[in-house]
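Chains A and B, in that order, give the protein sequences. Per the working numbering, residue 778 is the first one in the first sequence, and the count goes up by one each step. Per the working numbering, residue 778 is the first one in the second sequence, and the count goes up by one each step.
Just to be clear, a hint being listed does not mean it is correct.
Which copy is meant is left open, because identical chains are indistinguishable; a pair holds if it fits in one copy or across any two.
Claimed, not checked - Simulated crosslink set (DSS-like; lysine-lysine; CA at most 30 Å straight-line): (1) 1064 with 1120; (2) 1131 with 1018; (3) 960 with 944; (4) 960 with 1064; (5) 1120 with 1103.
If you're looking for bench data, these hints aren't it; they were derived computationally from the structure.
Protein chains: 2
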Amino acid sequence: MTNDMIISAQDIAEHYAVLNRIGALGEHPSAGFHRAAYSDEETAVMIYFETQAKQAGLNVRWDAAGNLFIETTDTQEQWIECGSHVDTVPGGGNFDGLTGVVAGFTAIAALHQKPRSHGLRLRIWRGEESASFGITSIGASAALGTLAAPALDKRHAGRSLAQAMRKQGANPSLIESGQPTIKQNELDQITAHLELHIEQGIVLEKKGVDIGIVTGIRAASRDWVTLHGEFDHSGATPMGKEYRRDANLALAHILVNLDTLFLTHQEEDSGLDLVQTIGHINSNAEKNSHDSELYSNAISKVSGYAYFSYELRSCNDIMLNRYKQKAIQTIQDTAVAFGISAKIESISNSNAVKALDQSLQTDMQRICDTFKYSYSTLPSGAWHDAALMAQQTRSNQTPLPVGMIFIPCQHGKSHSPEEFASNEQIAKGASLLATLMQQGLSK
Amino acid sequence: MTNDMIISAQDIAEHYAVLNRIGALGEHPSAGFHRAAYSDEETAVMIYFETQAKQAGLNVRWDAAGNLFIETTDTQEQWIECGSHVDTVPGGGNFDGLTGVVAGFTAIAALHQKPRSHGLRLRIWRGEESASFGITSIGASAALGTLAAPALDKRHAGRSLAQAMRKQGANPSLIESGQPTIKQNELDQITAHLELHIEQGIVLEKKGVDIGIVTGIRAASRDWVTLHGEFDHSGATPMGKEYRRDANLALAHILVNLDTLFLTHQEEDSGLDLVQTIGHINSNAEKNSHDSELYSNAISKVSGYAYFSYELRSCNDIMLNRYKQKAIQTIQDTAVAFGISAKIESISNSNAVKALDQSLQTDMQRICDTFKYSYSTLPSGAWHDAALMAQQTRSNQTPLPVGMIFIPCQHGKSHSPEEFASNEQIAKGASLLATLMQQGLSK
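Using the sequences provided together with the hints, build the complete structure.
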């Protein structure tokens, strides 16, 4: 290993000097970014990398789902690749997704003229964030043939997904037909798929380490819970369940009972791989815009209607589903006790990646030791495109080897304008990524 | 007392046949009504009564606040009057307020040609409901000179209150000057002020009685409680207060702790005259329309922001305020325990009418006994214009004698299209009102 292989903070900074100006919400990056899935801003960033790739003498191809694949020109039988996305949530930072593309591009640009026994590829996926159309990993799942056709009717900013895809030169009929753009023979030739990402949590920063080696990717189970009680005059309706069927009061008791359920499980298993989040209480803009029941609530009324979102995440699907059954029982029992009807509707369910490729994790540890990078192993709490790749199998029935590299981000902030990772932090992660891509799998 | 004095169900039905067509949201009354404060629909109902009054040979006058006063033509030194309003909450029924006006009008129309030692007056107040401009009893408080000038800037349906007043021919400069339209000498000549209203609760119906004799009117203390925590990625942020400053979780615990606080007080005093209501959790349309923080919440984020409304009502101001101090402490202590900042902002505070005029209550009981109307005594949980009148004093420092008559309403429903009282139920209340107005005070 030679020093000239390592990506410098300067390499990262040069790309960000341009990229901080695409889809920014203000003059300074601290104002946040908005590059929606299949938006002009997302395409603009992809075109930047297409141009850079051509200048560097790399091949580029756009697939029918609108993803951009950048490849070395050699005609190898085997490929080591990395992937990430460039879209953001509204008011997000410029690191979730983009850092992985910058790291991947600088890695391939640094490596492509060096001798290797395999080709190198960067996949820039469309629309990983669910914020726009309510679906995660649109580009990757379309490319792998797993995006269900009803997704095309989901709407954002006045356009259906099908319309937004067409506007960016992609072909929505691909999704209707269920045809993947990444064929089986292409999957068979992938030696390893890698993704570098900011942690989006505070664990690495708290531990003061350079690198997170990701052990698995948590599944997310998401539901809407809708509570119907009865609207009544607050002054004239006596207190107590005999008179009041109070949706807001029931909601509060449900949430506290769910909190107790979680704490009980955590007491029994201090290493419990589970997070439980009520992100929304009556605070989803899209739902509220046509929810007349919600706005029948008033200061001077007993509440007749409320809703909340309920999310569980774990790398352990089986445990998650077992816990969820108890949670649903808790919700229903509490609602009934307050004379409330509770309706539970699934929003989405992703499959966990219980364990990412073990030999890739071992390789990462070895390279970190060589570079004197401190590291920690941890699961990914967030969903990533890499999870979809980890669910693919090759013709010989072996799973595609997938690895993920985390770098710390400041105060663990993400999906917020405060999201930040320094050029030095990114360069360390990119150097690890580049070394791994150059060396190939050791096993 | 003769039978021809009694108001018939037919008298009530004739007015409602017309009134069910003004401000209705559909062809059938079951679709609900919307007559906002200082709206064309409110004015249309008032003009109906103005026309009816003129036809009956009664005097009419509009005051500068836009209220309509209907009076007998005699020039008496003493007046017995009643009052109510004709505006509704959005999607309300046609009984809250209007029933009192119909009862009052039929009473005066039936009595005005009979010999009396006093004049009779009906006050049709503007804008009793707070739903439009966020302020209760706009017309009555303007007429009594107690409406603060900043109220003129409150907005509803694209207009300020000042603009809405002008559109209906009222004079907002009256409010800026703080001048009452009901002068002290007019107050001095009022022997009694009465208001008939639907109960807006289920107590009378449950007891199966015809009439509620109101003992007092509850004060309402209303606040917004705003919680600021920290937005974080739900998947990547570990559970526990060390990592999460979760506004939604804190909100749930606050509400449950307030519920416990209430139940503890109720255990100590089973007749506790107090109701505690959280009507809004993030569900105020006006607030949400310009609340970007609320819509920073997401399914996949730890919640950084939430708000709720907090209302207490009691006829006992002192007890209410003592309880409220403990409630505020509960809110703050719970918020702090979850790393959340809680801001408490007053929306409004009304003064309770601890006891309505005792001799009027005795007269009502006597008349009910004569008519063989069953009755029950109870406090009014809701605010009414009569409460403002009860807070007025005459030059001799005696309080204005004020009485309230409740009639049952179906299933206790109000502020809803399901609100209903039968013509027979209203006629009984109107007959009691008419008899009381004819006889004058017995003391």
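Checklist entry - Quick one: residue 1064 to residue 1120, C-alpha cut-off 30 Å, is that within a copy, between copies, both, or neither? => result Both ways: residue 1064 and residue 1120 sit 15 Å apart in one copy and 27 Å across, limit 30 Å.
Next on the checklist: With identical chains, the pair residue 1120 and residue 1103 could be close in the same copy or across copies; at 30 Å between alpha carbons, which is it: within, between, both, or neither?
Outcome noted: Answer is within: at 16 Å inside a copy they meet the 30 Å cutoff, but 35 Å across does not.
Checklist entry - How do residue 960 and residue 944 come out at 30 Å by Cα distance, when the copy is not named: within, between, both, or neither? => result within (25 Å within a copy, 70 Å between copies)
Next on the checklist: At most 30 Å between alpha carbons: which applies to residue 960 and residue 1064, within, between, both or neither?
Outcome noted: Close neither inside one copy (38 Å) nor across copies (51 Å); limit 30 Å.
Checklist entry - Under a CA distance limit of 30 Å, which applies to residue 1131 and residue 1018: within one copy, between copies, both, or neither? => result Classified as between; 26 Å across copies, 44 Å inside a copy.
Hint violations for this structure: number 4 only, all remaining hints satisfied.
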